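J.: Taken in sequence, the protein lines are chains Y and F. Per the working numbering, the very first residue in the first sequence carries number 153; after that it's consecutive. Per the working numbering, the very first residue in the second sequence carries number 238; after that it's consecutive.
Source of the hints: derived by calculation from the structure; they are not laboratory data. In this text the structure is predicted, and so the values were computed from the model without any measurement. Possibly wrong hints are sitting among the right ones.
[Stated by the list, open to error] With a cut-off of at most 30 Å between alpha-carbon atoms, the simulated BS3-like pairs for lysine-lysine come out as follows:
| # | chain 1 | residue 1 | chain 2 | residue 2 |
| --- | --- | --- | --- | --- |
| 1 | F | LYS525 | Y | LYS363 |
| 2 | Y | LYS385 | F | LYS521 |
| 3 | F | LYS529 | Y | LYS302 |
| 4 | Y | LYS380 | Y | LYS348 |
| 5 | Y | LYS385 | Y | LYS417 |
Residues per chain, in single letters:
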Amino acid sequence: MIFIVTALMLEAAPIIDYFKLKKDMTIHPYSVYKGSDIALIVSGVGKLKSAMASVFLYNLYGSGKNDVLINIGFCGTNSKRFNTGSLLIANKITDIDTGMDYYPDVFFGEGIPQIPVQCYSKVVKSTDLTEQKELFCDMESAGIMEASKKFFFSHNVLVLKIISDYLEPEKLDKAKLKSYIEMNMTILDSIIKEMKHLNEGFIELNLEAEKDLIESLCLDLRFTQAMKVILTKEVKRAGINGLEPLSSLKEFNGIKADSKEEGKKYFEYIIKKIRQKSV
Amino acid sequence: MNTLLKKSGKNLFNSIYIEENAYDYPITRMVLEKFPDVPVITIRNYKDIFNRGNQCFQLQKHRQSLILAVKSKQFLYKSPEVCQDFGYSNFYYTSFILNCIFNCEYCYLQGMYPSANIVAFVNADEFIDEIQNTLAGKKAYLAVSYDTDLIGFHNVIPYWNFLQDFFAQHPDINVEIRTKSANEVFYSEIQPAENTVIAFSLAPQEIIKKFERHTPPLAARIKAVKSAISRGFKVRLCLDPVILNSGSEKLYEPFFRNLFAEINPDKLKDVGYGFFRMSKDLFKRIEKQNRKSQIFADDYTIKEGIVSYPPDLIKMVMDNHLKVLQEYLPKEKIFTL
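Kindly produce the complete structure, drawing on both the sequences and the hints.
T.: The structure is reproduced here in structure tokens:
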């Protein structure tokens, strides 16, 4: 599942349109929009809100190791290296309040410039700056990173920033900002595809059906916890070696053992069956 | 030169992380010159990157980043028992680099570190000072290509260029550089020395293909061995780890015979021989990563905290293998573990 967090509805609207997401009317604390494998939440401004929204979204739909968390939003900068509307990838996020640094593994978006982002608790204006160092400022990225640390692999979190202004927030124009998101939608789409592709290529051995069957066999055949561990390992090994452990397990489905001794005999028989290549 | 290093810098490293205090070192400047297109990220401490939670080792392995750092303490370590000491009681190792550019399926580094990124320490001089303080005047053995492959990494950072003069002045410190690299350039660039052994890890080609991803093929490694010998280097062959997987023990006799048909055994310093083995904790950690690894799904025996093949099987296979090896080398030149 791809989770997208934006601070503002203004940022979310073009994404909702592009991916044809539908509002989940059953959810009240936040505005959540859903597609088949994308969920978007509008968090509100600030790192606390972005962290809360990320966790809320993960709790709603999170499914496992391959979930992806993307923050897309605006950042201001004092650098004239990039035009407003430019899309950048954050490779380092510094929480200005705590001094803490966060580092997502950036494996995506070849050709998109990478920048360090400073996450502030309030809007930064050029008049606030005391030094000339190049800065890229936002208000959500640190919250995204803190939340992602618990639930996502470091390569599955991505902070995408679009330059909104040169630290002159009073000059922002809503229509222009929306157009910045719109013009970057095809790139966002291709990055999402890249992230999905990478995770698909790295899928673990799928033994979900076997796991369910092991659970019921352990109950019916009175296996101990230790026997369950051994059986699970045997099934995994068979799967890695290209055998079909499921068919062996199925043969014993529905059988009940009257005693632990009887269960032990079944256990040895099942292990033997799984190990046979001809199964 | 191995194929990994033939690629452009952009492909070789995903990013280069540099500690704030590591910029002002010659190694850092050298790396930055070599890889101008790779994104550079300034960090406070390499552990902020290297020890993060939720890193996917195998995925990072395909897109390794380089971390340049300044090592602050403990430059030398006493060697663990699972390593062959080749008869030295003062057996130490040092790690100029953490992690390896290769990706061998049996490698313990997968369980040892939370990250597959490569940490390269830039303060080589401080390593040398510590080696001098601890080992000078002692008859010692020092493994310098530990937890990494120094020769495989030579085209990125030529550590040996910083070290060879020091070791030339300390003949009592015997140095082993272990490698799977076929980088022949190394042997033309550096000088052979009495106290330096190049230890080539070799395996049957089928094992290399199956379990030693991204490493040079056997033929290329044999060529490098010959090149090192012809340039006057002392050479050790490490036939370690022997992998017993789906009847693979049968691959070894023809492999040994082919090896000694190509390489004159009289020209070798010695040979190391050992089976796949790993501490229980590291093994469990790697097994938990749930990869589709045949090696970590196999049946093993745990003895004194070490996971390996059952002793009876080891004895049987080793007896057969040693018989063959002893046709080429005297017993005292074969070290087993």
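J.: Please go over all the hints and tell whether each is borne out by the structure.
T.: Verification of the supplied hints:
Distance hint between LYS525(F) and LYS363(Y) is fulfilled; the C-alpha atoms sit about 16 Å from each other, no more than 30 Å. At roughly 12 Å between alpha-carbon atoms, LYS385(Y) and LYS521(F) fall within 30 Å of each other, so this suggested pair holds. As the CA atoms of LYS529(F) and LYS302(Y) are separated by approximately 25 Å, the hinted pair is consistent with the 30 Å bound. Proposed proximity of LYS380(Y) and LYS348(Y) is contradicted: the alpha carbons are some 33 Å apart, above 30 Å.
A C-alpha spacing of about 18 Å is found between LYS385(Y) and LYS417(Y), which places the hinted pair at or below 30 Å, so the restraint holds.
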